[in-house]
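A.B. asks: Residue strings, one per chain:
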Amino acid sequence: MSTQPTLQLVAELTGHTDRVWAVSWHPTLPLFASCSGDKSVRLWKLDGGNGTWNCVSVLDDAHKRTIRSCAFSPDGRLLATASFDATTIVWERDEDSGEWENLATLEGHENEVKSVAWSQSGSLLATCSRDKSIWIWEVVGDSDFECLSVLQEHDQDVKMIKWHPNEEVLASASYDDSIRIWREDDDDWYCSDTLKEHKSTVWAVDFNKAGDMLASVSDDRSLKIWATRPPKNSALGYRQNPTYHCVATLTEHHSRTIYSVAWSKVNNLIATTGADNCVRIVAQQAAADASGGYTYAVCATLTAPHGYNDINSAEWCPLEKDGHGALLATAGDDGVVRVWRLI
Amino acid sequence: MTFSGAVLLTDLNDFITPSQACIKPVQIERTSQGADSQIRLDDTGGYYEVSQDGGETKLETASISLNDCLACSGCITSAESVLVTLQSQKELYEVLKANQLAVQQGRTQDVRVVVVSVSPQSRASIAAKYDLSPLDVWKRLLWFYKTFLGAHHVFDTAFSRDFALIESAKEFVRRYREHHHAQTQPDSATTTGQETAARPVLPMLASACPGWICYAEKTHGYILPHIDSTKSPQQIMGSLVKNYLGAKLGVPANRVYHVAVMPCYDKKLEASRKDFYDDVYSTRDVDCVITTGEVEKMFSEQSLCINDMQALDVEMTFTKAFASPEENHGIPILAGSEGSSSGGYLSYILRYAAHVLFGVSLTPQDVENGTNGVHIRPGRNSDFVEYALCLPADPETPVLRFALAYGFRNIQNLVRKINPAPAAGAVARRRRQHRRANAAAAAATTTSAYDYVEIMACPSGCINGGGQLKPQTNDSGGGGTAAGAAPTTLLAASRDWIAKAEGAYRSVAVDGGIQPPEANQAVTALYTEWLEGEESEKARKMLHTEYHAVEKMDVNGLAVNW
Amino acid sequence: MSDTLLNANPVVYDVGLVSNRARRPEDEDENVADPFDAEEIFDLIRHINDPEHPLTLEQLNVTQPQLVSVDNDRNHVLVQFTPTIPHCSMATLIGLCIRVRLLRSLPDRFKVDIKVSDGSHQSEHAVNKQLNDKERVAAALENSHLLEVVNQCLATAVER
Numbered sequence: 001m002s003t004q005p006t007l008q009l010v011a012e013l014t015g016h017t018d019r020v021w022a023v024s025w026h027p028t029l030p031l032f033a034s035c036s037g038d039k040s041v042r043l044w045k046l047d048g049g050n051g052t053w054n055c056v057s058v059l060d061d062a063h064k065r066t067i068r069s070c071a072f073s074p075d076g077r078l079l080a081t082a083s084f085d086a087t088t089i090v091w092e093r094d095e096d097s098g099e100w101e102n103l104a105t106l107e108g109h110e111n112e113v114k115s116v117a118w119s120q121s122g123s124l125l126a127t128c129s130r131d132k133s134i135w136i137w138e139v140v141g142d143s144d145f146e147c148l149s150v151l152q153e154h155d156q157d158v159k160m161i162k163w164h165p166n167e168e169v170l171a172s173a174s175y176d177d178s179i180r181i182w183r184e185d186d187d188d189w190y191c192s193d194t195l196k197e198h199k200s201t202v203w204a205v206d207f208n209k210a211g212d213m214l215a216s217v218s219d220d221r222s223l224k225i226w227a228t229r230p231p232k233n234s235a236l237g238y239r240q241n242p243t244y245h246c247v248a249t250l251t252e253h254h255s256r257t258i259y260s261v262a263w264s265k266v267n268n269l270i271a272t273t274g275a276d277n278c279v280r281i282v283a284q285q286a287a288a289d290a291s292g293g294y295t296y297a298v299c300a301t302l303t304a305p306h307g308y309n310d311i312n313s314a315e316w317c318p319l320e321k322d323g324h325g326a327l328l329a330t331a332g333d334d335g336v337v338r339v340w341r342l343i
Numbered sequence: 001m002t003f004s005g006a007v008l009l010t011d012l013n014d015f016i017t018p019s020q021a022c023i024k025p026v027q028i029e030r031t032s033q034g035a036d037s038q039i040r041l042d043d044t045g046g047y048y049e050v051s052q053d054g055g056e057t058k059l060e061t062a063s064i065s066l067n068d069c070l071a072c073s074g075c076i077t078s079a080e081s082v083l084v085t086l087q088s089q090k091e092l093y094e095v096l097k098a099n100q101l102a103v104q105q106g107r108t109q110d111v112r113v114v115v116v117s118v119s120p121q122s123r124a125s126i127a128a129k130y131d132l133s134p135l136d137v138w139k140r141l142l143w144f145y146k147t148f149l150g151a152h153h154v155f156d157t158a159f160s161r162d163f164a165l166i167e168s169a170k171e172f173v174r175r176y177r178e179h180h181h182a183q184t185q186p187d188s189a190t191t192t193g194q195e196t197a198a199r200p201v202l203p204m205l206a207s208a209c210p211g212w213i214c215y216a217e218k219t220h221g222y223i224l225p226h227i228d229s230t231k232s233p234q235q236i237m238g239s240l241v242k243n244y245l246g247a248k249l250g251v252p253a254n255r256v257y258h259v260a261v262m263p264c265y266d267k268k269l270e271a272s273r274k275d276f277y278d279d280v281y282s283t284r285d286v287d288c289v290i291t292t293g294e295v296e297k298m299f300s301e302q303s304l305c306i307n308d309m310q311a312l313d314v315e316m317t318f319t320k321a322f323a324s325p326e327e328n329h330g331i332p333i334l335a336g337s338e339g340s341s342s343g344g345y346l347s348y349i350l351r352y353a354a355h356v357l358f359g360v361s362l363t364p365q366d367v368e369n370g371t372n373g374v375h376i377r378p379g380r381n382s383d384f385v386e387y388a389l390c391l392p393a394d395p396e397t398p399v400l401r402f403a404l405a406y407g408f409r410n411i412q413n414l415v416r417k418i419n420p421a422p423a424a425g426a427v428a429r430r431r432r433q434h435r436r437a438n439a440a441a442a443a444a445t446t447t448s449a450y451d452y453v454e455i456m457a458c459p460s461g462c463i464n465g466g467g468q469l470k471p472q473t474n475d476s477g478g479g480g481t482a483a484g485a486a487p488t489t490l491l492a493a494s495r496d497w498i499a500k501a502e503g504a505y506r507s508v509a510v511d512g513g514i515q516p517p518e519a520n521q522a523v524t525a526l527y528t529e530w531l532e533g534e535e536s537e538k539a540r541k542m543l544h545t546e547y548h549a550v551e552k553m554d555v556n557g558l559a560v561n562w
Numbered sequence: 001m002s003d004t005l006l007n008a009n010p011v012v013y014d015v016g017l018v019s020n021r022a023r024r025p026e027d028e029d030e031n032v033a034d035p036f037d038a039e040e041i042f043d044l045i046r047h048i049n050d051p052e053h054p055l056t057l058e059q060l061n062v063t064q065p066q067l068v069s070v071d072n073d074r075n076h077v078l079v080q081f082t083p084t085i086p087h088c089s090m091a092t093l094i095g096l097c098i099r100v101r102l103l104r105s106l107p108d109r110f111k112v113d114i115k116v117s118d119g120s121h122q123s124e125h126a127v128n129k130q131l132n133d134k135e136r137v138a139a140a141l142e143n144s145h146l147l148e149v150v151n152q153c154l155a156t157a158v159e160r
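These protein sequence lines map, in sequence, to chains A, B and C. Heads up: the first sequence runs through residues 1 to 343, numbered per my numbering. Heads up: the second sequence runs through residues 1 to 562, numbered per my numbering. Heads up: the third sequence runs through residues 1 to 160, numbered per my numbering.
Be careful, since some hints might not be right.
With the C-beta cut set under 8 angstroms, the calculated list includes, among others, these residues of chain B facing chain A [said to hold, decoys possible]:
(1) 229
(2) 303
(3) 307
(4) 409
(5) 486
(6) 487
Everything labelled a hint here was simulated from the structure, so no lab data went into it. Since we're looking at a predicted model, the values are computed, not measured. Built from N, CA and C at the ideal position, the CB exists for glycine as well.
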């Protein structure tokens, strides 16, 4: 066995004047966005020359309240931001000026928008809110968005949504303690699966690279790993979908609410963060055993990387080249964003 | 944000407990002033005021009426308990029982005239579920309400809908002319500039769906001037029954008890609107709305099945029917309506406007099949369809653009386009300008410039209303129960079910033929006899209404729901 | 808001006017990592005004010293409170006031849990869940109308 990995601080990025809620990496550049209670988004970029991370853009004056979530489109051309002001804004980078400009403001949610995510193809955008609904928007032309569906089956606020990495399948995490999986059938979106094993609010979910597994974290202080089982052979004429089943649960690695989970598409490691001020890196220990069970264990820890502050988000860099896949950005209640390298 | 109909369609997990989620401030009537008494709560949830001498007075429990819900922006959904306790089949039973008692005791002056007005969508839903024709259902409903339960009259809201169609079409033409007049005369537009800005006239949006109206009033005040001022068929029947029939029978409005049978729970909310309340007689135009599902419940409460029920002959009074075809031994049969199963507003208004504004005569089939200059373009989903009318002189440029938009998602996309403060930023504006210069792309971007939109809150429209019958769950088949079936199976089954009800609705027109509203001679006669002419003040009062933006209530910090 | 009182005539409890706890020399020294005790926490919240009555939470027995616990080693504070009536719709607002008071007064190191005391509210689970959801709390505090009410309730606590 090799020695356990460690996380080394690469950059400490200050500028936000309130807690940082989330970070989102650019799909093709060493660049990421962070969003904050200070109603702004900051874009941070690696200067290839001297290896430093610098704030290259501040997107403010658009949202009236906290920006809770942000996401780059898969082609990196657009950035979507979700705010407590009940709107989602899609920004586009002007090729001439290099400035990010408001391309569209998506209204419709009754109150706080909590999460925004682009589908893998970039043609669909999903948002979710305290109003218990999930909205699926279609990108029409190059600047219009049309509402395709409003999904209202969650009983409470929907905290977070995440698209499947390869298919048009959406996972949602809710204050109602459940995770739901959504699929499309002839323009109707429907809930194909409801995962009810967490004992409290599910704060976040993320898929693995293949999309056949899902990780979820909760106010119940547990991390759960779910794996798909192929659909049972059915006599019914209608199409059946694979379903997700819980194959592993980690309960001891965080001592308070777990707020975020990120499953690296590069190194297959899972990063979790929470109200106990910790970052934990979790790795699968071996292939599934005969009974389909998996073993997961913590392989690296940062005990107080943001001091006494909650860590709201950690995201792995999706770039494989130049070892960027080992980069992890964390966002805390201290208003600071930190970049770490797993070595 | 949602519609109550949508909530009621599924299970009621959105049920609101008045004490917690409802933010309506509740006034407690205290018997004594000052802080010298306490409140006690007993095991059953009753409240007692305990004064210092130990005396207890039971306090009233806070209750929330339909009107409170209507006037409040606290939540968009309304609790089913509120709806059901105030308007249900139980209330109808009570009125019928009181009538029976009054007759037994010789108090004929206390007998209320009971009128039941049934929607054609309810008829179709029952027909689909029990494999009957809508005509058979109608005849059996006549027997059930009149002979079995003792109601005095059963009417058909497809009849009052002809008033709604005629009034809507005339209002559309009026708006269209005003709109184009203002556009072609820039000078007059400047002088009345403010008025024009305050009252946009096009697109005109349908007004028959109470879920949509309620939603628009609570969240999109700016859109209200776009909504057709014409009352819904239910409320026009209300005027007809309380104002015309009451006078005809020499009975004051409060001695007529009017029940509407509707495909939709939100119709209960509509009936409760202040606009439809008569202060003089303290009565509503529609006293009680029961859904199709509640009618089915009535059958089973009376241990009846519609398949085994007796039937009465169709009558002509306030019923959309053809009089006495030869082969039917002089007994009237139901007359069909054109267009969608949500009332056919788009179809009739398009035909009327084409004729009045452009001198083009269209048949209902032209609109349905897209012939004679009508172009039909399916939208992004099956609940969105665009209709355009082009004149022979210029078959490329539409002179009228209409659309059907059903369901929440399509309403959203529509209101986004009508929003006076477009939310797009600099980039999008530049894009659009760029695209306008580009002739080929121009056609794609101007699709939002509709003249009329038939909006309904429910996907598939009224035939799929929240109060309609649910498909028979077949438990005897072994396996295959609804609960255990895959979601895709349920989706497909639900589509089949809606298609069946839709088929039943349309079968009336197929079997008996379409009767356009202007061919409904009874309606024409009523314009003269009841309404004192077509454009009279009385016609305006009886057939039109107003909408009111509901102010946001979250200015009260104590009542903020966070 | 006098017409919206939920518990129009609550029981009022006699309370001591000043803190029972004598100030210690180390309280004045800012450099000492200051261990907190339950009484100090209670002092911070006892004078918070009830949203509906001109009475403090202490006077209404909503807060009590024995319902506050502090674990200095684990940097954890738990405050429980008892709504005056078990269906009190002000419970979340009272809890929010307590949370905001502690958020503004306690050092960053403390994680604070706010709960209604066991069995004291018919929606106990829902109230507790909402009060301890940082996202819901953060969003609530961006609502100016709600914040105004919270600040009014806290005005009496801060004066002391």
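A.B. asks: Against which earlier hints does the structure fall short, listed by number upward?
C.D. replies: 1, 2 and 3
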